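Asks: Residue numbers (our numbering), protein chains in the order written: chain A, 14 to 127; chain B, 91 to 201.
These aren't lab readings, by the way, just hints derived from the structure by calculation. There's no promise every hint is true.
Stated by the list, open to error - Output of the computed footprint for chain A on chain B, the stretches with three or more beta carbons under 8 angstroms from beta carbons of chain A: (1) 125 to 138; (2) 187 to 198.
As the list claims (entries may be wrong) - Restricting the straight-line Cα-Cα distance to at most 30 angstroms, the calculated cross-link-like pairs of lysine-lysine (DSSO-like) are: (3) B/K92 <-> A/K64; (4) A/K91 <-> B/K200; (5) A/K67 <-> B/K146; (6) A/K54 <-> B/K200; (7) B/K132 <-> A/K54; (8) B/K92 <-> A/K91; (9) B/K146 <-> A/K91; (10) B/K157 <-> A/K91; (11) A/K54 <-> B/K92; (12) A/K57 <-> B/K196; (13) B/K200 <-> A/K28; (14) A/K54 <-> B/K146; (15) B/K146 <-> A/K28.
These figures come from a predicted structure and were not determined experimentally. By construction, the Cβ of each residue, glycine as well, lies at the ideal position given by its N, Cα and C atoms.
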Amino acid sequence: EAGVTQFPSHSVIEKGQTVTLRCDPISGHDNLYWYRRVMGKEIKFLLHFVKESKQDESGMPNNRFLAERTGGTYSTLKVQPAELEDSGVYFCASSYGGSGYEQYFGPGTRLTVT
Amino acid sequence: QKEVEQNSGPLSVPEGAIASLNCTYSDRVSQSFFWYRQYSGKSPELIMSIYSNGDKEDGRFTAQLNKASQYVSLLIRDSQPSDSATYLCAVYGGSQGNLIFGKGTKLSVKP
């Protein structure tokens, strides 16, 4: 069974540019999560999809971040315009169920904003 | 603010010894607890989940949970150099589906 995949693995962009990250969850997992790890800090929750619906987006830092999950399959996270403080590793995770279920993480996208 | 605290380490143990990793959490309503292993530059890999008070064993790993003390630990028996990694404690944030992570403990197993 294929795991969670993310694309790209690395992205270097300039401040003010736009970047779109993609996540493909494990097949059959309705729950998809985005997390971010900023250097020196713990991994922090961004948002949670159940199928195509946003269940919880309380962790999104501001309106420069837009997440979508069209058709309840893969998800994209767009940052527009990017700021220096957006640099970090963006992880996607998926789970079969919601609260309490085991979450499986993708390899992450390392975003560097210069 | 719900928090998960871990000793950042590094924790150094000799090969073959028992490594003990500890974690405390602030939210009393938390019901689900997880340990992830993360090698440098890689994704967090789920190694243990625990939901009830007491011990849960899986191979060389034992997770221990004490909800009254808001404490969860991970024991690694017969530690191997390949166990050298950062271990992340994660707790479900109450009724929400998101995990709350600690900063992780870096473990180094010396041959």
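Asks: Work down the list of hints and note, for each, if the structure agrees.
Replies: The hints, checked one at a time:
Counting residues of the region 125 to 138 of chain B whose CB falls under 8 angstroms from any CB of chain A gives 6; the rule of at least 3 is met. Look at the region 187 to 198 of chain B against chain A: 8 of its residues bring a Cβ nearer than 8 angstroms to a Cβ of that chain, three or more, so the hint holds. Restraint check for B/K92 and A/K64: the C-alpha separation of about 27 angstroms stays at or below 30 angstroms, so the hint holds. Under the criterion of a C-alpha separation no larger than 30 angstroms, the hint pairing A/K91 with B/K200 is inconsistent with the structure, at around 42 angstroms.
Proximity of A/K67 to B/K146 is assessed by CA-CA distance (about 34 angstroms); at most 30 angstroms being required, the pair is judged violated. Of the pairs offered as hints, the one joining A/K54 and B/K200 holds, with about 26 angstroms between alpha carbons and a cut-off of 30 angstroms not exceeded. Only pairs whose Cα atoms come within 30 angstroms are accepted, and B/K132 paired with A/K54 is accepted, the gap being roughly 16 angstroms. Restraint check: the Cα-Cα separation between B/K92 and A/K91 comes to about 27 angstroms, which is no more than 30 angstroms; the hinted pair holds.
For the proposed pair B/K146 and A/K91, the alpha carbon gap of about 40 angstroms is over 30 angstroms, so the pair is violated. Distance check on the hinted pair: B/K157 and A/K91 sit about 39 angstroms apart at the alpha-carbon level, beyond 30 angstroms; violated. Taken as a hint, the A/K54 and B/K92 pair is honoured in the structure, with Cα atoms around 15 angstroms apart against an allowance of 30 angstroms. Among the hinted pairs, A/K57 with B/K196 is consistent with the structure: their alpha-carbon atoms are about 18 angstroms apart, no more than 30 angstroms.
Proximity of B/K200 to A/K28 is assessed by CA-CA distance (about 43 angstroms); at most 30 angstroms being required, the pair is judged violated. A distance of roughly 29 angstroms separates the Cα atoms of A/K54 and B/K146; the hinted pair therefore holds under the 30 angstroms criterion. Among the hinted pairs, B/K146 with A/K28 is inconsistent with the structure: their alpha-carbon atoms are about 47 angstroms apart, more than 30 angstroms.
Hints 4, 5, 9, 10, 13, 15 from the earlier list are contradicted by this structure; the remaining hints agree with it.
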